[in-house]
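With this note's numbering applied, the sequence shown closes on residue 529, and no number is skipped along the way.
If you are wondering where the hints come from, they were derived from the structure by calculation, not from laboratory data. Accuracy of the hints is not assured; some may be wrong.
[As the list claims (entries may be wrong)] What follows is a set of in silico ranges between Cβ atoms, one per label pair, in the way DEER data are often shown:
#1 V528 to E506: 58 to 64 Å
#2 R500 to L478: 34 to 40 Å
#3 L478 to F522: 53 to 59 Å
#4 D499 to F522: 55 to 61 Å
#5 S449 to G482: 36 to 42 Å
#6 E529 to E466: 46 to 52 Å
#7 K474 to S452: 27 to 33 Å
[Stated by the list, open to error] EDC-like cross-link-like pairs, simulated, lysine to aspartate or glutamate; straight-line CA separation at most 20 Å:
#8 K458 to E440
#9 K463 to E440
#10 K458 to D443
#11 K526 to E516
#12 K458 to D479
#13 K463 to D443
All residues carry an ideal CB built from backbone N, CA and C; glycine is no exception.
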Amino acid sequence: MRVTVEEVDRIAMLSRLSFEDSEKIQYRKHLEAILETARKLAELDTEGVAPTAHIQGIENVLREDRPEPSMENGLLTSNAPERDCGCFIVPKVVE
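With these hints in hand, go ahead and build the complete structure from the sequences.
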(Lines of atoms letter the chains of each structure in order from A and count residues from 1; the text may use other names and numbers.)
(Lines give C-alpha, C1' and ligand atoms only; values in the text may rest on other atoms or scores of the structure.)
Protein backbone atom coordinates (compact mmCIF):
# COMPACT_ATOMS: atom_id res chain seq x y z
CA MET A 1 0.00 0.00 0.00
CA ARG A 2 1.37 3.39 -0.97
CA VAL A 3 1.58 6.04 1.75
CA THR A 4 1.83 9.67 0.71
CA VAL A 5 3.76 12.43 2.44
CA GLU A 6 0.38 14.12 3.03
CA GLU A 7 -0.78 11.05 4.96
CA VAL A 8 2.40 11.18 7.04
CA ASP A 9 1.64 14.87 7.70
CA ARG A 10 -1.90 13.97 8.81
CA ILE A 11 -0.69 11.19 11.11
CA ALA A 12 1.96 13.52 12.54
CA MET A 13 -0.64 16.23 13.15
CA LEU A 14 -3.00 13.77 14.89
CA SER A 15 -0.08 12.55 17.00
CA ARG A 16 1.05 16.10 17.76
CA LEU A 17 4.45 15.41 16.16
CA SER A 18 6.47 17.43 13.69
CA PHE A 19 9.01 16.06 11.22
CA GLU A 20 11.58 17.49 8.87
CA ASP A 21 10.98 16.75 5.17
CA SER A 22 13.69 14.07 5.16
CA GLU A 23 12.07 12.39 8.17
CA LYS A 24 8.67 12.40 6.47
CA ILE A 25 10.11 10.43 3.55
CA GLN A 26 11.77 8.01 5.95
CA TYR A 27 8.55 7.50 7.96
CA ARG A 28 6.54 7.13 4.75
CA LYS A 29 8.75 4.17 3.83
CA HIS A 30 8.44 2.70 7.34
CA LEU A 31 4.65 3.01 7.26
CA GLU A 32 4.51 1.35 3.84
CA ALA A 33 6.55 -1.58 5.18
CA ILE A 34 4.31 -1.90 8.24
CA LEU A 35 1.14 -1.84 6.14
CA GLU A 36 2.61 -4.38 3.71
CA THR A 37 3.37 -6.71 6.63
CA ALA A 38 -0.18 -6.26 7.94
CA ARG A 39 -1.56 -7.01 4.46
CA LYS A 40 0.46 -10.24 4.28
CA LEU A 41 -0.73 -11.25 7.75
CA ALA A 42 -4.35 -10.60 6.73
CA GLU A 43 -3.92 -13.08 3.85
CA LEU A 44 -2.97 -15.94 6.19
CA ASP A 45 -5.51 -18.69 6.72
CA THR A 46 -6.08 -18.73 10.46
CA GLU A 47 -9.20 -20.89 10.38
CA GLY A 48 -9.02 -23.35 13.25
CA VAL A 49 -6.09 -21.59 14.94
CA ALA A 50 -6.88 -20.77 18.54
CA PRO A 51 -6.17 -17.18 19.60
CA THR A 52 -3.19 -16.87 21.92
CA ALA A 53 -1.74 -14.12 24.08
CA HIS A 54 1.65 -15.82 24.41
CA ILE A 55 3.43 -18.30 22.20
CA GLN A 56 4.55 -20.25 25.25
CA GLY A 57 2.32 -21.72 27.92
CA ILE A 58 3.05 -19.12 30.57
CA GLU A 59 1.52 -19.49 34.00
CA ASN A 60 1.97 -17.28 37.02
CA VAL A 61 3.78 -19.13 39.76
CA LEU A 62 2.70 -17.49 42.97
CA ARG A 63 3.37 -18.50 46.51
CA GLU A 64 0.48 -19.17 48.82
CA ASP A 65 -0.66 -15.99 50.56
CA ARG A 66 -0.38 -16.69 54.27
CA PRO A 67 0.13 -14.36 57.22
CA GLU A 68 3.54 -14.34 58.85
CA PRO A 69 4.84 -12.53 61.92
CA SER A 70 6.05 -8.99 61.26
CA MET A 71 9.30 -7.47 62.43
CA GLU A 72 9.24 -5.41 65.59
CA ASN A 73 8.51 -1.72 64.88
CA GLY A 74 11.55 -0.49 66.79
CA LEU A 75 13.81 -2.73 64.73
CA LEU A 76 12.26 -1.48 61.48
CA THR A 77 12.70 2.19 62.34
CA SER A 78 16.07 1.90 64.12
CA ASN A 79 18.09 2.98 61.06
CA ALA A 80 15.79 5.84 60.08
CA PRO A 81 17.46 9.27 60.27
CA GLU A 82 14.31 10.74 61.83
CA ARG A 83 11.42 8.97 63.52
CA ASP A 84 8.64 9.74 65.97
CA CYS A 85 6.32 7.33 67.77
CA GLY A 86 7.35 4.43 65.54
CA CYS A 87 6.83 6.39 62.31
CA PHE A 88 9.32 7.64 59.73
CA ILE A 89 9.64 11.42 59.43
CA VAL A 90 10.21 12.44 55.82
CA PRO A 91 10.45 15.79 54.04
CA LYS A 92 7.19 17.39 53.00
CA VAL A 93 6.45 16.64 49.32
CA VAL A 94 3.08 18.38 48.87
CA GLU A 95 2.44 22.01 49.66
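How the hints compare with the structure:
In this structure the supplied range 58 to 64 Å is violated for V528 paired with E506, their Cβ-Cβ distance being about 30 Å. At about 47 Å, the CB distance of R500 to L478 disagrees with the hint of 34 to 40 Å. For L478 and F522, the hinted distance range of 53 to 59 Å is satisfied, since their beta carbons lie about 57 Å from each other. With their beta carbons about 26 Å apart, D499 and F522 fall outside the hinted range of 55 to 61 Å.
Checked against the given bound of 36 to 42 Å, the beta carbons of S449 and G482, roughly 38 Å apart, stay inside it. Separated by about 51 Å at the C-beta atoms, E529 and E466 satisfy the suggested range of 46 to 52 Å. Range check, K474 to S452: about 31 Å between beta-carbon atoms, so the 27 to 33 Å window is met. Between the alpha carbons of K458 and E440 the distance comes to roughly 9 Å, so the proposed pair stays at or under 20 Å and holds.
Restraint check for K463 and E440: satisfied, since their Cα atoms lie roughly 13 Å apart, inside the 20 Å limit. Annotation: proposed proximity of K458 to D443 holds, straight-line Cα distance about 8 Å (limit 20 Å). As the CA atoms of K526 and E516 are separated by approximately 13 Å, the hinted pair is consistent with the 20 Å bound. About 34 Å separates the Cα atoms of K458 and D479, which puts this hinted pair outside 20 Å; it is violated.
Pair hint K463 plus D443 holds up; C-alpha atoms about 13 Å apart against a cutoff of 20 Å.
This entry does not satisfy hints 1, 2, 4 and 12, going by the numbered hints stated previously.
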